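A.B. asks: Work out the full structure, taking the sequences as your base and the hints as a guide.
Listed in order, the protein sequences are those of chains A and B.
Taking the working numbering, the leading residue of the first sequence gets 1, the next gets one more, and so forth.
Taking the working numbering, the leading residue of the second sequence gets 1, the next gets one more, and so forth.
In case anyone wonders, no lab produced these hints; they're calculated from the structure.
There may be inaccurate statements among the hints.
[Said to hold, decoys possible] Pulled from the structure, derived: some chain A residues nowhere near chain B, Cβ distances all over 12 Å: (1) T49; (2) G92; (3) V171; (4) I288; (5) L387.
[To be verified] Simulated crosslink set (SDA-like; lysine to any residue; CA at most 20 Å straight-line): (6) A:K319 / B:L184; (7) B:K110 / A:D331; (8) B:K65 / B:R76; (9) A:K368 / B:N198; (10) A:K319 / B:V202; (11) A:K365 / B:V202; (12) B:K110 / A:L294; (13) A:K319 / B:Q161; (14) B:K110 / A:I245; (15) B:K210 / A:E330; (16) A:K365 / B:T197; (17) B:K110 / A:F291; (18) B:K213 / A:D190; (19) A:K319 / B:N187; (20) A:K319 / B:E164; (21) A:K319 / B:R166; (22) B:K110 / A:V179; (23) A:K250 / B:P111; (24) B:K110 / A:L253; (25) A:K368 / B:T197; (26) A:K319 / B:R206; (27) A:K319 / B:P162; (28) A:K319 / B:T197; (29) B:K98 / A:R299; (30) A:K319 / B:W189; (31) B:K27 / B:L38; (32) A:K319 / B:H192; (33) B:K110 / A:E330.
All of these numbers come straight from a predicted model, not from anything done at the bench.
No residue lacks a Cβ here, since even glycine has one placed at the ideal position from N, Cα and C.
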Amino acid sequence: MTAFGKLIRTTAFRLTLVYLFLFALFAASLLGYFAWNTRRLITEQITTTVNSEFADLSNLFARRGLRGLVFAVENRALRPGANLYLVSTPTGQAVAGNVGALSPGVMSSSGWAETAYQRLDEQDRATHRALVRVSELSGGFRLLVGRDLEERKRIFGIVAYAAQWSMLVVVVLGLAGGVFVGRRVLRRIDAMTGTTRRIMEGDLSGRLPVGRSGDELDRLADNLNAMLERIEALMTGLKEVSDNIAHDLKTPLTRLRNRAEEALATSGSEAEYRLALERTIEESDGLIRTFNALLMIARAESGQAGGNAEDFDAADVAKGIHELYEPLAEDNGLALRVVTMPAPLHGNRELISQALANLVENAIKYGKPAHPVGAPPADAAASAGQLPILIEARPEGDTVLLSVVDHGPGIPETDRKHATERFVRLEASRTQPGSGLGLSLASAVATLHRGELRLGDAGPGLRATLAIPAHSGEGLVGQGSV
Amino acid sequence: MTLIEPESQMRLLIIEDDRESADYLAKAFREVGYIADLASDGEEGLAMADGGDYDVLVIDRMLPKRDGLSVIGTLRDKGNRTPALILSALGQVDDRIKGLRAGGDDYLPKPYAFAELLARVEVLSRRQGAPAEETVYRVGDLELDRLSHRVARGKDELTLQPREFRLLEYLMKHAGQVVTRTMLLENVWDYHFDPQTNVIDVHISRLRSKIDKGYERPLLHTIRGAGYMIRDGIR
Chain A
1 MTAFGKLIRT TAFRLTLVYL FLFALFAASL LGYFAWNTRR LITEQITTTV
51 NSEFADLSNL FARRGLRGLV FAVENRALRP GANLYLVSTP TGQAVAGNVG
101 ALSPGVMSSS GWAETAYQRL DEQDRATHRA LVRVSELSGG FRLLVGRDLE
151 ERKRIFGIVA YAAQWSMLVV VVLGLAGGVF VGRRVLRRID AMTGTTRRIM
201 EGDLSGRLPV GRSGDELDRL ADNLNAMLER IEALMTGLKE VSDNIAHDLK
251 TPLTRLRNRA EEALATSGSE AEYRLALERT IEESDGLIRT FNALLMIARA
301 ESGQAGGNAE DFDAADVAKG IHELYEPLAE DNGLALRVVT MPAPLHGNRE
351 LISQALANLV ENAIKYGKPA HPVGAPPADA AASAGQLPIL IEARPEGDTV
401 LLSVVDHGPG IPETDRKHAT ERFVRLEASR TQPGSGLGLS LASAVATLHR
451 GELRLGDAGP GLRATLAIPA HSGEGLVGQG SV
Chain B
1 MTLIEPESQM RLLIIEDDRE SADYLAKAFR EVGYIADLAS DGEEGLAMAD
51 GGDYDVLVID RMLPKRDGLS VIGTLRDKGN RTPALILSAL GQVDDRIKGL
101 RAGGDDYLPK PYAFAELLAR VEVLSRRQGA PAEETVYRVG DLELDRLSHR
151 VARGKDELTL QPREFRLLEY LMKHAGQVVT RTMLLENVWD YHFDPQTNVI
201 DVHISRLRSK IDKGYERPLL HTIRGAGYMI RDGIR
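C.D. replies: Below, the structure written as structure tokens:
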């Protein structure tokens, strides 16, 4: 498409054309009204003048007779810019006046008429137009008084002339304005299109230019930029996910393969084969668990798991999880306690239970006091070994808090933010058994409920809290803030 | 150790489009004494299930021609109440709920261990056979009264925590059948997620210390690679 073609297709230009047409129509009607009114006014003036002179002359005729009238008419006809006069005999012969010729029949009919005429005193004998009043006087004489219409024509001409020029100016200015606005808009749209194309080609860091005027295009660009920001964050997240999937699944897959290869290479006894196969199954089970956890997180992140929201008490969830894990904690030499207050909640009970279970499993796995049994008995750190892992459920304002507090080494302040980020695993936990996705899942579940996972210091130890709004709206969200 | 007598052999229909999985399942089920028929798509499966007298249906969720949920739905509409277990690659909680709402009796996400599938199929087929719920379960000299919540072994009264009672109740209800860890987590605790730790084993070992410790004949057995079973004596 040519640049001009593009220009005249812009909305701005088309709007300009519409406005131009409307404005021209308005100007034309204004001028028309003005012209018509002026004409009426002039005609009125002429009528008044003619009437008053006619009255004068009729009077004169009545008092002084024909001689007086003729004398007066001759007198008045000589004045500069004089009106038109004509006095005729009953046979139609002119006796006085300054009119040379008239349209035929004007003199014989009484009343007002518009007629062509020629003046007696002019050399060129040009034909003009006039508005005249003819009337019969006593004795069959006829009197004509009239006024030239040249003035009316001239004023009309001026108006028409003005109308022509103003139309021209309106059209030219309007088109120029349309082109200006159209090109301005077009330039900005072109800039946006260019950026969009770059983004479509894969450069997600591109942003639309935003002007300072804060007009509708700027607002649009602002919103699109916010959207791009979001998409870029999601894409980055997705890339992290695929990287993590690659790592979390490829590593055990490699182990699996190596083991099978090794078993094949070394011709062993049946017992050895059996052992190799059992370990293969174990490894695949671990793989499946990791895969399930990743899928679960992905679903929670995308909001697909939001279909089963129900009303329940977070305290019951805490008690249930406590009941499930209490023996396990005890076997690991840890006490597990639960402290609850009624905390009604609307959400996916199963997911929240699982998130809390993950936090408790983490606490049991990593939450052992850092100091071994050999520490001095008077030392405060040694007595920390008696401190239980605590599960808490309580409402706080509009938020329900589900916390797990342990007295292990905790997570260093600098790592905490990192730990709650999606799919980020702390190096320290990568080497530990388990899928290592517990915190990620808990965080994803919190996000799904428009809440968050908070990691804090329990001095010493970790306080992991699921903070979830009691009424997270009608449904669950696909995404909270990134 | 099969408990199935030849004359009352269980008849099983497996509707699965993946040939290899289907053959593997049929072979595995036949080895433990089942009669296993195969259907490879939804229409064929529906026709066979409708006509044949099966004890349990094992149905893949995604099938050619007619999907698994629709097969079950159609059977239920016709008044066929044969227990159906759904196999699915979709393992999330809401998929499971959808499957059960469609008329399925159990839901097992892929991939699964055969032991898990076998245990669930056995429970399903037994469920159909014995609709009357007894009030007192007995295994050997162990007795559990579901109404008075009383548990006794021989002459000894046993004191169980409420959850231990429910755990034992579930095990005794399915006495002689393998019960997997996942089944226990689903039916006793009503959780459908996969704990990363051996939390069920710990509960079992507590229960075991209460009902078996100090007695000559252990009743609660660990079935390696599958789960647990409560029964009198080992054969």
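A.B. asks: Each of the hints needs a verdict: does it hold here or not?
C.D. replies: Hints, one by one, checked against the model:
no. : hint            : result
1   : T49             : holds, 98 Å
2   : G92             : holds, 113 Å
3   : V171            : holds, 66 Å
4   : I288            : violated, 6 Å
5   : L387            : holds, 21 Å
6   : A:K319 / B:L184 : holds, 18 Å
7   : B:K110 / A:D331 : violated, 32 Å
8   : B:K65 / B:R76   : holds, 19 Å
9   : A:K368 / B:N198 : holds, 18 Å
10  : A:K319 / B:V202 : holds, 18 Å
11  : A:K365 / B:V202 : holds, 15 Å
12  : B:K110 / A:L294 : holds, 15 Å
13  : A:K319 / B:Q161 : holds, 14 Å
14  : B:K110 / A:I245 : holds, 19 Å
15  : B:K210 / A:E330 : holds, 17 Å
16  : A:K365 / B:T197 : holds, 9 Å
17  : B:K110 / A:F291 : holds, 12 Å
18  : B:K213 / A:D190 : violated, 83 Å
19  : A:K319 / B:N187 : holds, 17 Å
20  : A:K319 / B:E164 : holds, 15 Å
21  : A:K319 / B:R166 : holds, 16 Å
22  : B:K110 / A:V179 : violated, 65 Å
23  : A:K250 / B:P111 : holds, 18 Å
24  : B:K110 / A:L253 : holds, 18 Å
25  : A:K368 / B:T197 : holds, 16 Å
26  : A:K319 / B:R206 : holds, 19 Å
27  : A:K319 / B:P162 : holds, 13 Å
28  : A:K319 / B:T197 : holds, 19 Å
29  : B:K98 / A:R299  : holds, 16 Å
30  : A:K319 / B:W189 : holds, 12 Å
31  : B:K27 / B:L38   : holds, 11 Å
32  : A:K319 / B:H192 : holds, 17 Å
33  : B:K110 / A:E330 : violated, 33 Å
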